[in-house]
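Below are the chains, spelled out letter by letter.
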Amino acid sequence: MSVVATPPATAGTPGTPERARRRRPGLLRSMLSGPSAVAAAAYLVLLAALAVAAPLVAPHDPNAQDLFNRFAGMSAEHPLGTDDFGRDVASRVIYAARISLLAPLISLAVGMAIGVPAGLLAGLRRGWFDAVADRLSDTLLSIPAIVFALAIIAVMGPSLTTAMVAIGIVFAPHLFRVVRGATMVVAEETYISSAEAIGASTRRILLVHVLPNIRAPLLVQVTLLMGFALLAEASLSFLGLGVQPPEASWGSMLKAAYENQFEAPYSVLPSGVAILLTVLAFNVLGDRLRDAVAGGRAR
Amino acid sequence: MNLARLLRRLASAVLVIWLVHLLTFLLIRLVPGDPAQLLAGERATPDEVLRIREQLGLEDPVLLQYARSLGGLPRGDLGESMFSGLPVGRLLADAAPATLSVALMALLFAAVFGVGAGVLAGLRQGGWTDRVVSTIATVGIAMPSFWIGLVLVTFFALVNPWLPATGYAPLGEGVGTWFRHLVLPAVTLGVAVAAEIARHTRGGVADVLAKPYIRTARARGASGSRLVRGHVLRNAAIPVVTVLGLQTGKLLGGTVVVEAVFGISGLGTLAVNSVLERDYPVLQGFVIFAAVVVVTANLLVDTAYGRINPKVRTA
Chain G
1 MSVVATPPAT AGTPGTPERA RRRRPGLLRS MLSGPSAVAA AAYLVLLAAL
51 AVAAPLVAPH DPNAQDLFNR FAGMSAEHPL GTDDFGRDVA SRVIYAARIS
101 LLAPLISLAV GMAIGVPAGL LAGLRRGWFD AVADRLSDTL LSIPAIVFAL
151 AIIAVMGPSL TTAMVAIGIV FAPHLFRVVR GATMVVAEET YISSAEAIGA
201 STRRILLVHV LPNIRAPLLV QVTLLMGFAL LAEASLSFLG LGVQPPEASW
251 GSMLKAAYEN QFEAPYSVLP SGVAILLTVL AFNVLGDRLR DAVAGGRAR
Chain P
300 MNLARLLRRL ASAVLVIWLV HLLTFLLIRL VPGDPAQLLA GERATPDEVL
350 RIREQLGLED PVLLQYARSL GGLPRGDLGE SMFSGLPVGR LLADAAPATL
400 SVALMALLFA AVFGVGAGVL AGLRQGGWTD RVVSTIATVG IAMPSFWIGL
450 VLVTFFALVN PWLPATGYAP LGEGVGTWFR HLVLPAVTLG VAVAAEIARH
500 TRGGVADVLA KPYIRTARAR GASGSRLVRG HVLRNAAIPV VTVLGLQTGK
550 LLGGTVVVEA VFGISGLGTL AVNSVLERDY PVLQGFVIFA AVVVVTANLL
600 VDTAYGRINP KVRTA
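Protein chains in written order, with this note's numbering: chain G, 1 to 299; chain P, 300 to 614.
Please keep in mind that the hints were generated in silico from the structure rather than gathered at the bench. Treat the hints with care, as some may be off.
Quick look at which bits of chain P chain G covers, simulated, 3 or more residues with Cβ under 8 Å [as the list claims (entries may be wrong)]:
#, stretch
1, 305-319
2, 380-394
3, 565-576
Examples of chain G residues lying across from chain P (beta carbon under 8 Å, computed) [said to hold, decoys possible]:
#, residue
4, Leu-102
5, Leu-231
6, Leu-239
7, Asn-283
8, Val-284
Some chain P residues flagged as far from chain G (calculated, every beta-carbon gap over 10 Å) [to be verified]:
#, residue
9, Asn-301
10, Ala-335
11, Arg-350
12, Leu-362
13, Leu-403
14, Trp-427
15, Val-438
16, Leu-470
17, Glu-472
18, Thr-515
19, Gly-520
20, Arg-528
21, Lys-549
22, Val-600
On a predicted model such as this, the values are computed, not experimentally measured, just so you know. Don't be surprised by glycine CBs; every beta carbon is placed ideally from N, CA and C.
I would like the entire structure built from these sequences, with the hints used as guidance.
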């Protein structure tokens, strides 16, 4: 992890936003030094590009039915065969990537909107707010993620939006924990006391002095949660509680494949492999990032 | 663990359960709009809405509703299903054996394979065993459990008809039948947990091997299985037990999906159906049940620490 140590100790005042800005390329570079992380990042970029450019790259209209050609095998015409309505599976996998990638992003936005401000405030100010928020997050974490999501969907009704918001709320205590812990460490720094002494508002201290310095652990958590969110959305869609037809995500495609399993046993492979590879990519990236952050701290 | 600490942990566990109950009570009442209307759905007639309101006692003052709901909790009274009218406690008790069988079998599978593979990988760091185990573990965590289930069913029940593809057989039908029905669901549910345990076991063993007391033990002539059993495993067990505790919730949540794949009518199926039927009391009961299981598992893990590692006893 020697690559992380690029900014010499004299560069900038320790812990100022300036230093954080300089350390970031070092962190990224060290993270991408392994071949696995490069492969994961390249895969994700490619996948995102495919999702955005779906109308240009998909060989067929994902919803065009051909009922005389159901469950066709692989061919030049249909590289991954066709599904129960004779639709081109390859095109559907590419189009479904849009929802499968967008859903985790929205869940994370919801989770961060709740968890990050609460964690920042609790970590810096402690007191009653910290006590209450910490107890609440303990409580939420004692409910299995998917069970908690079910409870929220029961109240709000099954839909993709509900599922994404539910997963986001489930994430909030995880993000709260990470942000609170990191903020408590930063709050001990002299520059925080200095900022308070010159009368900076809590809002300013949190945004300008704390947030840039807890970016690394937050980024690790967010990357790992992306993979988890994708799995959670797929699970809920598989149960029929997420994406509703005609929209499709990889999870809902698997549900359809499951329902036709006796007719076409191998149809569970394409969307399943897509989920596996994408979650794997997020996890590998998150793990490497965590190693890079830990290496940065150890120096 | 001394008595004072045990009591403190118990009190904290009870507090968490109480908060989970409060949360599920508030969840349906704090959402904007009329809870009865919400549960009845958009196409409900006014009569249906009124019926639901009466069933849930929503006409009464909120504090009275709360007192009634909380009062039943210690007795295991979780209200009645809005769909079937049966007590929620009984529905949960009827569904629990299938779920617990699958979850415990999965835990057993995960512990045996996870610890075994993790120890092997940790003892041979950098070798090919380590690389294979680490790769399988990384992939195992990334696989959606229901997909593992679908693939297993495809190969072990459809292509090769060796094991039943669906259903649960109660123990009353014979241990063999019970076990054969459990294999695929338990493996499906256990893979991710086994992978997680393997990673932590490997890390724990690797950490312990780097400790000076291992060098001391080696210098004194301890080697092979004696060293591993007497020094490595005992010390590496602490992170592993922690992970086992943390995985309880994952197993319980995972059964929701796995039961759907294998058509097992356990707690997960009950929960998914109650979401689709907007049967909130049943779902509320399931959430509380899940929290009780998770909190109990954490309590057990805490007491296990003291047994494994005397250093923690005084902490």
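Cross-check of the supplied hints:
1. 305-319: n = 4 at 8 Å, threshold three: holds.
2. 380-394: Contact hint for the stretch 380-394 of chain P vs chain G: violated, 0 residues under 8 Å.
3. 565-576: Holds, because 5 residues of the stretch 565-576 of chain P bring their Cβ atoms closer than 8 Å to Cβ atoms of chain G.
4. Leu-102: violated (18 Å)
5. Leu-231: holds (5 Å)
6. Leu-239: holds (5 Å)
7. Asn-283: Result: holds, 6 Å to nearest chain P Cβ.
8. Val-284: holds (7 Å)
9. Asn-301: holds (23 Å)
10. Ala-335: Ala-335 of chain P clear of chain G: closest Cβ-Cβ about 12 Å, beyond 10 Å.
11. Arg-350: At about 18 Å from chain G, Arg-350 of chain P clears the 10 Å cut-off, so the statement holds.
12. Leu-362: Its Cβ never comes within 10 Å of chain G, the nearest being 21 Å, so this holds.
13. Leu-403: holds (16 Å)
14. Trp-427: holds (17 Å)
15. Val-438: violated (6 Å)
16. Leu-470: holds (25 Å)
17. Glu-472: The assertion about Glu-472 of chain P holds, with a minimum of 24 Å to chain G.
18. Thr-515: holds (26 Å)
19. Gly-520: holds (34 Å)
20. Arg-528: Fine: 31 Å to the nearest Cβ keeps Arg-528 of chain P off the interface.
21. Lys-549: Non-interface label on Lys-549 of chain P violated, nearest chain G Cβ at 7 Å vs cutoff 10 Å.
22. Val-600: Consistent with the label, Val-600 of chain P stays out of reach of chain G, its closest Cβ about 13 Å off (over 10 Å).
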